[in-house]
Amino acid sequence: MNPRIGIIQFPGVNCEYETARALESVGMSASILRWNVAPAMIPDFDGFVLPGGFSYEDRVRAGAVAASDDVMETLMAAAADGKPILGICNGAQVLIESGLVPGLTGGRIDLALAPNKGMGRDGYYSNWVYVKVGPDPGRSFAAYGLKEGDILPVPIAHSQGRFTSAESGLFDTLEAESQIVLKYCKADGSAPGAFPDDPNGSERSAAAICNASGNVVAMMPHPERSTWLRQVPADIDSVWAARRNAGLASRAALEGEGPGAGIFRSMRAYIERKP
Amino acid sequence: MVKTEVLVKLAAPDPWSFTVLDALTRKFGFEDVIEVQRTKSWELTFDLASSDAAIALTRELLRTTTLLANPNRDVWTVRCGPGDLPESFWCSDTGEACAFVVRVTDSEDIVGSSAAQIMRSRLGMDSVRAVRFSTVWGLRISRAAADPRDLAARIAVAKTWRSGLLANPHFQDATVFGVDDYLARKGVP
Numbered sequence: 000m001n002p003r004i005g006i007i008q009f010p011g012v013n014c015e016y017e018t019a020r021a022l023e024s025v026g027m028s029a030s031i032l033r034w035n036v037a038p039a040m041i042p043d044f045d046g047f048v049l050p051g052g053f054s055y056e057d058r059v060r061a062g063a064v065a066a067s068d069d070v071m072e073t074l075m076a077a078a079a080d081g082k083p084i085l086g087i088c089n090g091a092q093v094l095i096e097s098g099l100v101p102g103l104t105g106g107r108i109d110l111a112l113a114p115n116k117g118m119g120r121d122g123y124y125s126n127w128v129y130v131k132v133g134p135d136p137g138r139s140f141a142a143y144g145l146k147e148g149d150i151l152p153v154p155i156a157h158s159q160g161r162f163t164s165a166e167s168g169l170f171d172t173l174e175a176e177s178q179i180v181l182k183y184c185k186a187d188g189s190a191p192g193a194f195p196d197d198p199n200g201s202e203r204s205a206a207a208i209c210n211a212s213g214n215v216v217a218m219m220p221h222p223e224r225s226t227w228l229r230q231v232p233a234d235i236d237s238v239w240a241a242r243r244n245a246g247l248a249s250r251a252a253l254e255g256e257g258p259g260a261g262i263f264r265s266m267r268a269y270i271e272r273k274p
Numbered sequence: 000m001v002k003t004e005v006l007v008k009l010a011a012p013d014p015w016s017f018t019v020l021d022a023l024t025r026k027f028g029f030e031d032v033i034e035v036q037r038t039k040s041w042e043l044t045f046d047l048a049s050s051d052a053a054i055a056l057t058r059e060l061l062r063t064t065t066l067l068a069n070p071n072r073d074v075w076t077v078r079c080g081p082g083d084l085p086e087s088f089w090c091s092d093t094g095e096a097c098a099f100v101v102r103v104t105d106s107e108d109i110v111g112s113s114a115a116q117i118m119r120s121r122l123g124m125d126s127v128r129a130v131r132f133s134t135v136w137g138l139r140i141s142r143a144a145a146d147p148r149d150l151a152a153r154i155a156v157a158k159t160w161r162s163g164l165l166a167n168p169h170f171q172d173a174t175v176f177g178v179d180d181y182l183a184r185k186g187v188p
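Top to bottom, those sequences are chains Z and U.
When we follow numbering that gives the first Met the number 0, the leftmost residue of the first sequence carries the number 0, and every step to the right adds one.
When we follow numbering that gives the first Met the number 0, the leftmost residue of the second sequence carries the number 0, and every step to the right adds one.
Next up, chain Z with everything else stripped away, as it sits in the complex (with noise of 0.2 Å):
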């Protein structure tokens, strides 16, 4: 039998429906919930994805009122259990603000995702970036499939996505404990150094962090958009331009995997190796 996500739906949220076929394309089933269908109406999914977009409009502060909505007691049990648990974007923002991510510290808040700096302005910013997988990608279901040093073009659209902390050291125990599942990167995987390689100055060019158990991954961009070779620019720096460049005279060709699929086959992948 497939696995199955469940897609939290939380008001403001416009991500959910690509985020399902993203899913679906790698072999595994997605249904949508609303934020407030009751705990028990809530099937015993195999995984979660909370999707990107706006939720309740990023009232107070991205993430942070979605992160004190009920739905999150189930996925708080839902990690105890070690099923996997993405937040893509927003979704990210809501499992930091709830402090499922990086859980180090028994339900405090360890992080934010703060606004992006270094543009020279302050507001929202999109565009396709570069990202690395960073060493021992088994850590976390998001790269369970994939290898250290793979680099993947995925879009980013956010305006609050710098990972930061106040806590000291709290970035070293990150990196030391290979938590730091992808940072951006320059297309030849060097280090982003300044906008817009480096699209939000992110600490350790962090876009996607997860918890101690490896098993709920908060990620800024957007792996959905990214899942079929027809979405990846034609014009970027990459191996995956150059596929979909190459595929252009078939459309069966285009509808093949592009980069943010490897995420999505991870997370099945996990989910399939557990006993």
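To be clear, the hints were calculated from the coordinates, so they are not data collected in a lab.
All figures in this text were calculated on a predicted structure; none of them were measured in a lab.
One or more hints might be untrue.
As the list claims (entries may be wrong) - Simulated crosslink set (DMTMM-like; lysine to aspartate or glutamate; CA at most 20 Å straight-line):
(1) Z:Lys116 with Z:Asp57
(2) U:Lys26 with Z:Asp69
(3) U:Lys158 with Z:Asp69
(4) U:Lys39 with Z:Asp57
Place chain U on chain Z using the hints.
Below, chain U alone, put in the same frame as chain Z:
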């Protein structure tokens, strides 16, 4: 240096405030919270000799641009020094409830510094030295609460799940004032 403060509110009822009130009372269980209001605060620092000149320049900025407020959407007031503000801008102390102000500012105030840059580079306002942007929350809390000020302080900062809401301490600073203290500009450096 002279400072002015522009306080901006939505002309219509503020859905953000309703969302916060709903979250605090229904999700966090803080049933002693009676009212929430939200105001944007722009603190402008000018290299000018007189407060009259600073207020005039601030009003000119509000009249000719929508950088700080939009007249189709917002109402605002300008002050320069201690003093009362229109009551509509604040939750007030009453017999049954006491009011607090929670000012939340990003530690790295990118909104404020961007606004200052625009004022200088695009609007030619060379006398602008700094701009600080804050969200100022008004909370009215029942006197039946065991410790209303402590409750306001808990609401101000999100430390653990469902413990607080208005500021994430990893990138924001939150300061809690009594309303009178804020009006007396004790909260304004």
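What are the numbers of the hints that this structure violates, sorted from low to high? Violated hints: none at all, because every hint is consistent with the structure.
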